[in-house]
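6 protein chains.
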Amino acid sequence: MRIRVINPNTTAAMTASIGAAARAAASGDTLIEAVQPSFGPPSIEGHHDEVWAAAGVAEQVRLGEAGGADAHVIACFGDPGLHAARELARGPVIGIAEAAFHLASLVATGFSVVTTLTRTCVIAEHLVLQYGFERRCRGIHGTDIPVLELDDPRSGAFERILDSAERALAQDRSGAIVLGCAGMADLCASLQQRLGVPVIDGVAAAVKLAESLVSLGLATSKRGDYAAPLPKTYAGWAQAMSPR
Amino acid sequence: MRIRVINPNTTAAMTASIGAAARAAASGDTLIEAVQPSFGPPSIEGHHDEVWAAAGVAEQVRLGEAGGADAHVIACFGDPGLHAARELARGPVIGIAEAAFHLASLVATGFSVVTTLTRTCVIAEHLVLQYGFERRCRGIHGTDIPVLELDDPRSGAFERILDSAERALAQDRSGAIVLGCAGMADLCASLQQRLGVPVIDGVAAAVKLAESLVSLGLATSKRGDYAAPLPKTYAGWAQAMSPR
Amino acid sequence: MRIRVINPNTTAAMTASIGAAARAAASGDTLIEAVQPSFGPPSIEGHHDEVWAAAGVAEQVRLGEAGGADAHVIACFGDPGLHAARELARGPVIGIAEAAFHLASLVATGFSVVTTLTRTCVIAEHLVLQYGFERRCRGIHGTDIPVLELDDPRSGAFERILDSAERALAQDRSGAIVLGCAGMADLCASLQQRLGVPVIDGVAAAVKLAESLVSLGLATSKRGDYAAPLPKTYAGWAQAMSPR
Amino acid sequence: MRIRVINPNTTAAMTASIGAAARAAASGDTLIEAVQPSFGPPSIEGHHDEVWAAAGVAEQVRLGEAGGADAHVIACFGDPGLHAARELARGPVIGIAEAAFHLASLVATGFSVVTTLTRTCVIAEHLVLQYGFERRCRGIHGTDIPVLELDDPRSGAFERILDSAERALAQDRSGAIVLGCAGMADLCASLQQRLGVPVIDGVAAAVKLAESLVSLGLATSKRGDYAAPLPKTYAGWAQAMSPR
Amino acid sequence: MRIRVINPNTTAAMTASIGAAARAAASGDTLIEAVQPSFGPPSIEGHHDEVWAAAGVAEQVRLGEAGGADAHVIACFGDPGLHAARELARGPVIGIAEAAFHLASLVATGFSVVTTLTRTCVIAEHLVLQYGFERRCRGIHGTDIPVLELDDPRSGAFERILDSAERALAQDRSGAIVLGCAGMADLCASLQQRLGVPVIDGVAAAVKLAESLVSLGLATSKRGDYAAPLPKTYAGWAQAMSPR
Amino acid sequence: MRIRVINPNTTAAMTASIGAAARAAASGDTLIEAVQPSFGPPSIEGHHDEVWAAAGVAEQVRLGEAGGADAHVIACFGDPGLHAARELARGPVIGIAEAAFHLASLVATGFSVVTTLTRTCVIAEHLVLQYGFERRCRGIHGTDIPVLELDDPRSGAFERILDSAERALAQDRSGAIVLGCAGMADLCASLQQRLGVPVIDGVAAAVKLAESLVSLGLATSKRGDYAAPLPKTYAGWAQAMSPR
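Residue numbers (our numbering), protein chains in the order written: chain R, 1 to 244; chain W, 1 to 244; chain S, 1 to 244; chain V, 1 to 244; chain U, 1 to 244; chain Z, 1 to 244.
If we strip away everything but chain R, and leave its shape as in the complex, we get (with noise of 0.2 Å):
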């Protein structure tokens, strides 16, 4: 099974270690293609780096359709371009946040989000509700660290995240953490060790869920409200990415 794995910023370091976290979760027999679009955001940060993120990702998945991927996977945590990634591809595209969100929901009985940003927590607030999960997402917390910070020990990262997920288990009267940025990956063995709760990262959510689907042999589906793009010709240099 092959499972492309789009990092939708451009920053290259990263990905390479959501491909390693993708490789990590996988089973024996799957293949991980670890991507990221030739343009856009160097990190995902807002609403505007999101909207060049989801074309990113668009431009990932009409690849990954040409090259035979079994499944996608939308390794950022506000799931950009995730609707449009599922017009084009025949089979199953996930994000990761609503990964993590899923998997969270089937250990506790309600979970909280630690993410980098708080201005970014009106994205996650987005995805909860279109998703259904504003019952069982009980917080949603920034920790102000920038996204390309994370894997610098300087910064801290670890113990603010713990700092931040210990006081949201007691706040938010939580079971589970759902790690709020794909960079977090890493992280989440250790977090879970010292919190003593399910740690979630949506990387490792999502491939699993991707492999799971195709092994059961569920695919998008093509009724309705994602059937491919309808077959137009675009202007300008988005010509390339016509549908056809």
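Just to be clear, a hint being listed does not mean it is correct.
[What the hints assert, rightly or not] Each computed EDC-like pair below joins lysine to aspartate or glutamate, with the alpha-carbon atoms no more than 20 Å apart: (1) U/Lys232 x V/Glu65; (2) V/Lys232 x U/Glu65; (3) S/Lys222 x W/Glu125; (4) U/Lys222 x U/Glu65; (5) U/Lys222 x V/Glu65; (6) V/Lys232 x V/Glu65; (7) Z/Lys222 x U/Asp152; (8) S/Lys232 x W/Glu149; (9) R/Lys222 x W/Glu125; (10) W/Lys222 x R/Asp152; (11) S/Lys222 x S/Glu65; (12) V/Lys232 x U/Asp144; (13) R/Lys222 x R/Glu33.
No lab work stands behind these hints: they were computed from the structure.
Using the hints provided, position chains W, S, V, U and Z relative to the given structure of chain R.
Using the frame of chain R, we list chains W, S, V, U and Z on its own:
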């Protein structure tokens, strides 16, 4: 990995067919134990049947824990005893209704449920609400086929379910069908082929979700709501079920 | 009128005090039968206890029906077995949680629940949602007093509940307090006097609602969702509970 | 116990029949005072009628308080002036719409409302939402019988309501019928007999709820939202209504 | 264009200042008529005041219709009598609470309301729910400044509102402030300057919405729910208000 | 005042007709700039088209800000790129879907949407939920007229929309119609005349809301969720779009 699949009713033929469906979905290195309670209803077709089935599930999870099961699946569409089972189990516990709802949400913007008796639709409605799928689930349709006639070719079950599903897709503007009874697992592939949309059987869905969680090291949260039952001595014939 | 008040746990002292609370609330011509199951947990402090209590409630409603009860009350704040009991009963069946929520909604724009163990708050939350009180119920507060210590003067139960209620009124901007355990019935009048707001005990509330329904000729609807259980033979020790 | 039942319109014949329905429901030791405002609309068939009816209800609750009423019932299905009445009253105040919704929820998993003019359905919808019954109330159906023709045998009111209720039960998959007008109280018993499901008349329901609350010592909370109106002098002809 | 701005209370000084706020917001060719009822409360600080204010609004809309008003504004934050006014009016009728909620939703993902008496917060909560802003409105905060002291420099109203708004922005994670009383219109510009976020005064907002609707040829729908009141003769002093 | 009206697709004829509709709605002293992106889909009929349209909107808002626009309107019914545009803009940004929903809510208790392709109904549903109109919007109806045929007299578009609207009003019990495509602006007046209820075109609605906000000094909140995009360098051809 050992997954204990509990048929909450006491009909051995149904336990066997559920076991077969689970094994068909499971990965090569997963061992499926298909079991049923030592007591209770032969089929679950209402709230009263469900109360006893929930107790039977608790009996079987307790045995599963003693026997070292890595995860449990509750193979009745009402997910009887789910919360109690999560208190008892260290690993994940998945109900087939929730499993089907979660996977259906990943392949379609909306789904419809086709189930057996109309009188049990309210059970599914209550689960849909509790789990947060009230906007994703666009309809729940009873066919009024008794559970134990699903296997009987003379019941015309397949055609009636197919017909109900086709009407549901059109009327609810849905993109996927969820089968509302563990006894429908056999029909899943044929229905999917005929309908041309994803058809989700909860038994298979739950097995894959259980495997996913176990392989990610995600177990039921023991903080708070699903902590182990408090030790106390139960009275009467339930004494053997006393939490210790 | 004969109302069968079922204490779903097996602690006789608690059955007696629930019976006393029910009699204090009942009209002169109402006969209260306070009973408990022949099996199950001595107190209900989690989902596992509740599963067995629900079965015990079914046992007792069956006996109540045979004995000609006009109505049933389920005297545990999780309303265990409520839907099953309604299938079994011809007359009304009232849970004390729902009874308290309904009456509280008639005397205040919002109420707070003060209960025993924090781990059981999620049970109340699920009921609040299922019954439609999620906007009326402004908070659910655990005091972490074990159920069987409520009567013990050394537990300081009264002061702890009073303190929790006072904080709830202020913090939740509530106008009334709902007592979240049948074992708190004794404390109701004193709490109301001290707090200066309506304090609702579900046992008394349920008795009055049962009397009201019976006197109006309103019984559980037998059309559809609460129709009598389908006749079938249960296996094992549950055989005696088989619906006929 | 003295319960003041206020017909919010000014049609004396309707006040008399509401009084009769209330007395039929009341306990032996309850005194029913059926009254109507000194001003306002002869029937309430829209929001404009309702504004004046609400003022009339306030007039009558003020008189009831002066006269020592233990509780008030507002006998129009829009519950006009309910919140204001609760500010004025020391004892409980019950609207017939809320009363009917509460009792219907105790005997069925879902109910349908059958009312008079279709244009008033939106009033009931707003109440259903405010009170939290939006999942329990499965449909609101106008019959377009004018309120003051309900009593007229030539209007065919009974048959039209029966027909509408039968269709509602089937279409909404409901288990009970709520009568959406105080003027339908007479028809309640016959409808229940014909339909074979619980039929709830709000006048009777409200009387029993008022009796229940009074006998339990539960009065309108005076903390916060329903505190007595602040003393001030009203201008013009409303001066006599100034809170003191 | 003639817009009739109704101050629902009977304090002439407040009518004058509301008129001034409305004129400051209005376009050059809009004529603002600021009026008040001939009867009723001098300030609206609870449900009882509101009942009489709603009747006063009906009186004034009736006169406005007779006088050829193109639109009406109801200048009290509880939007008293809004639905009745829409039945009476041919043109649009806008309440200042709804106006402020609508405009706030266009400039921020979430807003907080700062109002006068805490006891009136529940009125705003009911409107927020009825209008559908329950996810946009992140908090409603009482300052407990009496309405008629808003203008009194000795009341310290400005500082108290400023302080409450600052805390609301931080605590609710809001991006805008809605002023919860027509009497706060004067303070709007200064508050916006001090707070650095949009501050919405409902009077100005309602005037612009009324102008917008009139200029687009959009009037209150007369199909169904807001059809003109049915002609009937009201009793007593309300007779002059009888719909014809 | 200068309002930049962005047609998110790249069909110049549609930009022109949207510009005409905007100018017809605008006040005398408002300058309408009707523009379209330099790239992207010629019509927006699904999620994939929308992703590229959102990027095009961002391009045009960036140019509008550089050019001193006082406000922006996004003239496609899916409101593509709305949140990103609000990050970029200092003044207000209004989507035509939200504009239409807001104004429709002021003239009717419920409205129905009539749109082009059925497959895009889900886009409107997601907006309805995100904006909070799920109770006000009583139905969304596809006519399956392709966007670019709306202007073609041979498509019979007017009659099909009229027919769909008439059925929607009856079936949904709605009081107003919202046109679900910017390309329907031309038809608005005729439809309103034929239907006898308010018909809301989002382009006109958005222009009036933008004018209202600008004239009140209300701009997009820059506190928190809509703060300016963080400066960073985008990769590839998106480099020119990098926030600074």
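Structure-based check of each hint:
1. Our distance criterion of 20 Å between C-alpha atoms is broken by U/Lys232 and V/Glu65, whose separation comes to about 30 Å.
2. Taking the CA atoms of V/Lys232 and U/Glu65, the gap is near 30 Å; set against the 20 Å cutoff, the hint is violated.
3. The straight-line distance between the Cα atoms of S/Lys222 and W/Glu125 is roughly 19 Å, inside the 20 Å bound, and the hint therefore holds.
4. The hinted pair formed by U/Lys222 and U/Glu65 meets the criterion: a straight-line CA distance of about 15 Å does not exceed 20 Å.
5. Between U/Lys222 and V/Glu65 the CA atoms are separated by roughly 40 Å; this puts the pair beyond 20 Å, and the hint is violated.
6. Our distance criterion of 20 Å between C-alpha atoms is met by V/Lys232 and V/Glu65, whose separation comes to about 18 Å.
7. Taking the CA atoms of Z/Lys222 and U/Asp152, the gap is near 32 Å; set against the 20 Å cutoff, the hint is violated.
8. At roughly 14 Å between alpha-carbon atoms, S/Lys232 and W/Glu149 fall within 20 Å of each other, so this suggested pair holds.
9. Taking the CA atoms of R/Lys222 and W/Glu125, the gap is near 26 Å; set against the 20 Å cutoff, the hint is violated.
10. With a CA separation close to 32 Å, the supplied pair W/Lys222 and R/Asp152 exceeds the 20 Å bound.
11. Restraint check for S/Lys222 and S/Glu65: the C-alpha separation of about 15 Å stays at or below 20 Å, so the hint holds.
12. This hinted pair checks out: V/Lys232 and U/Asp144 have alpha carbons roughly 17 Å apart, not beyond 20 Å.
13. Restraint check for R/Lys222 and R/Glu33: the C-alpha separation of about 24 Å exceeds 20 Å, so the hint is violated.
Checked against the numbered hints given earlier, the structure breaks hints 1, 2, 5, 7, 9, 10 and 13 and satisfies all the rest.
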